[in-house]
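K.L.:
Sequence:
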Amino acid sequence: MSAPAVEATTENKVGGEANMEDVQPTEPSKEVATTSEAAPQSASADAASEDEKDKMLRAVRQVEFYFADSNLPFDKFMWTLHTANPEHWVPIKTVASFKRMREFQSLGLDWVVKALKLSEELEVDEAGENVRRRTEVQPPKGQFERSVYAKGFGKEEPGLQKKLEDFFNKYGKTNAVRMRRVEGTKEFKGSVFVEFADYKSVEAFLNADPKPTWEGQELLIMSKEAYCDMKIKEKGLTGKAADLRRQSIASSGRKGFNAFKEMAEKEKGEKKGKDKPKPEVYLEFLGNKIRVHEEDGGSVKPEEVPFVKGASLKFEGAGDDVSFDEIKGTLKERFARAPFVKYNKGDSWGLVGFDKALSEDDVNYVKENLKTLSGKEITWSIPDEEQERAFQLERATSAAKRALSFSQNRESKGGRGGGRGGRGGRGRGGRGGGRGGSRNGGDRSEKKGDSSAPAATAANGEQAGEKRKRAVEPDGGPNVGVRGQGVPVIQSSKKAKTDGDAAS
Numbered sequence: 001m002s003a004p005a006v007e008a009t010t011e012n013k014v015g016g017e018a019n020m021e022d023v024q025p026t027e028p029s030k031e032v033a034t035t036s037e038a039a040p041q042s043a044s045a046d047a048a049s050e051d052e053k054d055k056m057l058r059a060v061r062q063v064e065f066y067f068a069d070s071n072l073p074f075d076k077f078m079w080t081l082h083t084a085n086p087e088h089w090v091p092i093k094t095v096a097s098f099k100r101m102r103e104f105q106s107l108g109l110d111w112v113v114k115a116l117k118l119s120e121e122l123e124v125d126e127a128g129e130n131v132r133r134r135t136e137v138q139p140p141k142g143q144f145e146r147s148v149y150a151k152g153f154g155k156e157e158p159g160l161q162k163k164l165e166d167f168f169n170k171y172g173k174t175n176a177v178r179m180r181r182v183e184g185t186k187e188f189k190g191s192v193f194v195e196f197a198d199y200k201s202v203e204a205f206l207n208a209d210p211k212p213t214w215e216g217q218e219l220l221i222m223s224k225e226a227y228c229d230m231k232i233k234e235k236g237l238t239g240k241a242a243d244l245r246r247q248s249i250a251s252s253g254r255k256g257f258n259a260f261k262e263m264a265e266k267e268k269g270e271k272k273g274k275d276k277p278k279p280e281v282y283l284e285f286l287g288n289k290i291r292v293h294e295e296d297g298g299s300v301k302p303e304e305v306p307f308v309k310g311a312s313l314k315f316e317g318a319g320d321d322v323s324f325d326e327i328k329g330t331l332k333e334r335f336a337r338a339p340f341v342k343y344n345k346g347d348s349w350g351l352v353g354f355d356k357a358l359s360e361d362d363v364n365y366v367k368e369n370l371k372t373l374s375g376k377e378i379t380w381s382i383p384d385e386e387q388e389r390a391f392q393l394e395r396a397t398s399a400a401k402r403a404l405s406f407s408q409n410r411e412s413k414g415g416r417g418g419g420r421g422g423r424g425g426r427g428r429g430g431r432g433g434g435r436g437g438s439r440n441g442g443d444r445s446e447k448k449g450d451s452s453a454p455a456a457t458a459a460n461g462e463q464a465g466e467k468r469k470r471a472v473e474p475d476g477g478p479n480v481g482v483r484g485q486g487v488p489v490i491q492s493s494k495k496a497k498t499d500g501d502a503a504s
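Reminder that position 161 of the sequence shown reads as 161 in my numbering, one-by-one numbering, no gaps.
I should point out that these hints are in silico values taken from the structure, not numbers from a laboratory.
Owing to the predicted nature of the structure, the values given are computational and were not obtained by experimental measurement.
Not one of these hints is a red herring.
Below, computed lysine-lysine pairings styled on DSS-like, alpha-carbon distance capped at 25 Å:
no., residue 1, residue 2
1, 173, 211
2, 151, 186
3, 371, 309
All chains should be built: construct the whole structure from the sequences, respecting the hints.
P.N.:
Listed below in C-alpha cells is the structure:
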C-alpha cells in the first residue's frame, strides 16, 4: 500500500533560543564570543525542530492515507480493523507496525500518538491507544478524472516509492502513487498512475512549464483518460471490447476487495434471509462447550469459560525473537494438537497453552526437550492462577472469533456442508503474513487455524442426521505483530463526541 508523502511544512517554530539574561561577560570580547556562539546554536535548534515537525507530519499523512476514502474501503485488512469495533477505533499499536511506518518505529509508540494528535482528519482516544476517522467513509468520486499517467522513471531501486511521492507532491496533494508492474513477475514498468486529491493539481502537473523531468529526462505524461484512449486505439478495439478495456484501466488498483460492494451484497442477503433464524455457534475449548456471541466479531462471556488449572506453561530467559516453529516442532512429538503460544517480540518470556491439564510427565518432557529458545537457555514454570485465567480467556476469545467467522462464511455460501471458510488470505508484499486468522492486537499470539477448520454447531437442529460438530480452538502461526495480523479486540470507548465530529 502506498501513500502520499508529506508536504514540506511552512511553520517556523524555534526549538531552543539562547538565554542571554544569564550571561554576565566581564570583558567586551567575551560578550561578542558568547553572542556569536549562541547564534549557530539557535539556528541548529530551529533546524532540529523543523526536522522533527516534518517527520511527525510524514507519519500523520501515512496514517491518514490508511484511513482515506481512496484506500480504506478497498483494503480488506484495514476495513476489517475499521469495522471490528462498533465505534471504529483501531489500535495505534497495530497501525504503527505496518511496513510504511517502519521509519518511525524506533521513535516509540508515544511519539506516534503525539504525531497523530496533529491530524485534522483523525482523532485519538483519551487513553492514547486507538485512532479513528473523524467522518464517515464515503465512496470516492472522480478518481479516474483526477488521475494521471507518467512514464520514464527507469528501473526500480530502494526508496523509489517515497521519491515518487515526494516528486508528485510538488504539484499538489496526492491520494495515491501506484507503481505499475508486469503481471506475474511484478517487475516495475517504469510508469505510474497517480491520483491527485483535486482537479487543480492535475492541471498543475499536466500543464507544468517546464515539463516534468526525472533525472534530467522529460517524462511522458497524460491524463489517465488519454492513456486509456491511446491503448484502445493501439489495439484497434471498438464497441464492447473497447468498453471493457476502458473499465479495466479505469479500475486499475481497485481489483479485489470493495467494501461498498460487500455491504450491498450483505444487505441484499440480509433482506433475503431475514426470516431465517441464525444458528447458535458453540466452541469446544479445553473439553468444555462454550457459546460464541457475535459482539466484537466473536466473543465469549468470561463467566462461561471454565478455568482448567495446569493447562499452561510459562518460559523465561528467551531471546528477543522467539520462533514459534521452534516450540511447536519440538512439542508435536508429544502432544496431538499444536500448542497455543503467546509471545510479544522483544520480551524474554511467553506463555504456552495446551488442550488439557498437563501431567507431571508432560511438564518434564517440555523442560527436557525445550531447554533453549533463540539460542538462550530458558526456564519453565507454571504461571500463577490469575495469569493463567487471563491467558485462557484470551485463548477462548481468539477461538470464538475464528469459529464465528467460519460459521458466517459457511452461511454466506448457502449453508453447504463445511465450506472453505476461515482461511487466512495470502499476504500481499510487505505486509507480513496472511490477512486471515484472529490474533489479538500487536501481540505475537498465535490464533491461526489447524488442519481441521472449526465448525459451528446449530442449536436448532439444522444438522440433524449427522454428527453435531463443534468449533475447536485453533493453534497459531508465526507471522504476527505486523500488517496482516488478525483483528484486535477493543473495548468501547466512553469518550464523548463534540458537536462537530461525525461518528465514523
